[in-house]
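Participant: Keeping their order, the protein sequence lines are chains A and B.
Position 59 of the first sequence, counted from 1, bears residue number 59 in this note's numbering, the numbering being contiguous throughout.
Just remember that this note's numbering sits 127 ahead of the position in the second sequence, which is counted from 1.
These are computed hints drawn from the structure, not numbers from a lab.
From a predicted model like this one, the values you see are computed outputs, not experimental measurements.
It cannot be assumed that every hint is accurate.
[To be verified] Capping the alpha-carbon separation at 27 Å, the derived lysine-lysine pairs in DSS-like fashion look like this: (1) A/K64 / B/K444; (2) B/K186 / B/K527; (3) A/K126 / A/K50; (4) B/K411 / A/K50; (5) B/K411 / B/K473; (6) B/K411 / A/K92; (7) A/K19 / A/K53; (8) A/K64 / B/K424.
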Amino acid sequence: MVPKELKYLQSHEWARREKDSPIITVGLTDYAIEQLGDIVFLELPAVGDKVVKESEFCTIESVKAASDLYAPVSGEIVEINEGLTENLELFKADPYEQAWIIKIKADDIAEFESLMKAEEYEKQLKG
Amino acid sequence: MPFIANTAQQRKQMLSEIGLSMDELFSDISSELMRENFNLPDQVGEMEVVKCLAELAQKNSTHLTCFLGGGFYDHFIPSAVYSIISRSEFYTAYTPYQPELSQGTLQGMYEYQSMICRLCGTEAANASLYDGGTALYEAMMMALRITRRNKIIIDDSVNPIYRVMIQSYTRNLNIELDKSHCTTGLANRDEIMSLLDEDTGAVILQNPNFFGCIDDFTEIAEAAHKKGALLIVSCYPISLGILKTPGEMGADIVTGEGQSLGIPMSFGGPYLGFMATRMKYVRKMPGRIVGKTTDTKGREGYVLTLQTREQHIRRDKATSNICSNEALCALTASVYLSLLGKDGLKETAQLCADKASYAYQRLTSIPAVKQRFKGKWFFNEFVIDLPTDAAEVIGSLIEKGFAAGFPLSRYYNNMENSMLIAVTEKRTKQEIGMLAEALEAVL
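When you get a sec, could you build the whole thing from the sequences and use the hints?
Facilitator: Spelled out as structure tokens, the structure:
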């Protein structure tokens, strides 16, 4: 199931904004995790790195492929989920909470608002 | 190599299949790079071709007694090496992507990796790279990926050919290359320490260095680590039979040219780059890695591992796109090392060192010959200063049947009269004596 309160990218990243905050939390959808197969490695960026909307910010490696993850908004990385690299099973167990990957301080929050809504993302998955 | 037919009729057919003309097919190549012709002679019969090529081959001076080193060395190769590697099961340079068909080759590569690790004193090695120079470049890029920095310090006692390669590869990559200058025969610690800062990704050194001197980089490794930088050491594998390993010195990435491990010297190769590192950096290491595993029935087997970082899967985003491996040369190295064994390698290294030491004494006892780096330890290569231009002296010694050494003026200022001489286990006391006499005669 696709959580209703989140926003999405075509490339299967989810983005969460806490109420009125400029901080956007980013993770990977259930569907993408399923497609990747067993995840074996996550290469995190560093706090302070600048990211650009729809550009890659880190690499995730499964037994099948090493794939890039794309940023939903432009801004600066303010937090990374370091514990996740040691507990990759969290991706399967809790993709939308404990398996968050990075938090970005958005330069322009309008970029977040313009992301895909849950219904649209669901439609993409079915399409 | 098989003969592949390519008739006008076939070319026409292939072009019409893809719907292009010959010009369109090669339109990506800019016109100034396109040649009208290559000045090739008209076709002749096989007999004439063989005669012509044999005559050309005879121009090579393969009869010279070799004291020439500088990165490639004239070591003895047991005949069994070639007999084993030329078995048809082994005789290919191709990467065994399909493990179920390639267990023998994969096991050979796994053993090669294990031997490189033991030689270098490191935890993990890849299945080889193109040559010593590209291996060093790849190590540098790897260090910059790990540290996310863009400054490199390289001492000019690192093989100048490697340094030129690094310059060519990095010219357009926004990498700052800082050079420290070797004046005493050893890496310039003061300069390295003053250049080291929070932007430095790696310090690149070589042991034994290009002048043959032996160094211990332990304190440089510690200083680099304190600043968050890595130490990369390029080394000469035979010397590791008796020398302290780069791993023991604290090197993070170790590379080198593997030619000395059973591969003949030939102009242009094929040669063998090796690379080893700490386990924690293994995912940042370019190139193929063979791992040992068990199959569904619990039997031991070998596979290429961590392939998802590699160019056949990750294309332009791969860890490297010039990490061509040298599978057959790597196999050669592992066969050579197996045949020598632990004691044989030690003995070979000791023989090189002893004979070089004898040659040094013999040559520097010639009154006109001076020691360049007096009091410094060396492995099997050393620098002497002549009273005259070294390149000219080396030229006259070729006529006397010696490839006597390398003229350092080729890459270093103010070393016009300096010459680098290498001695391997193949050189006899008599040959060393004859070189000394010939040198004395031309001075």
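Participant: Each of the hints needs a verdict: does it hold here or not?
Facilitator: Against the structure, the hints come out as follows:
no. : hint            : in the structure
1   : A/K64 / B/K444  : 15 Å, holds
2   : B/K186 / B/K527 : 16 Å, holds
3   : A/K126 / A/K50  : 33 Å, violated
4   : B/K411 / A/K50  : 22 Å, holds
5   : B/K411 / B/K473 : 32 Å, violated
6   : B/K411 / A/K92  : 25 Å, holds
7   : A/K19 / A/K53   : 21 Å, holds
8   : A/K64 / B/K424  : 22 Å, holds
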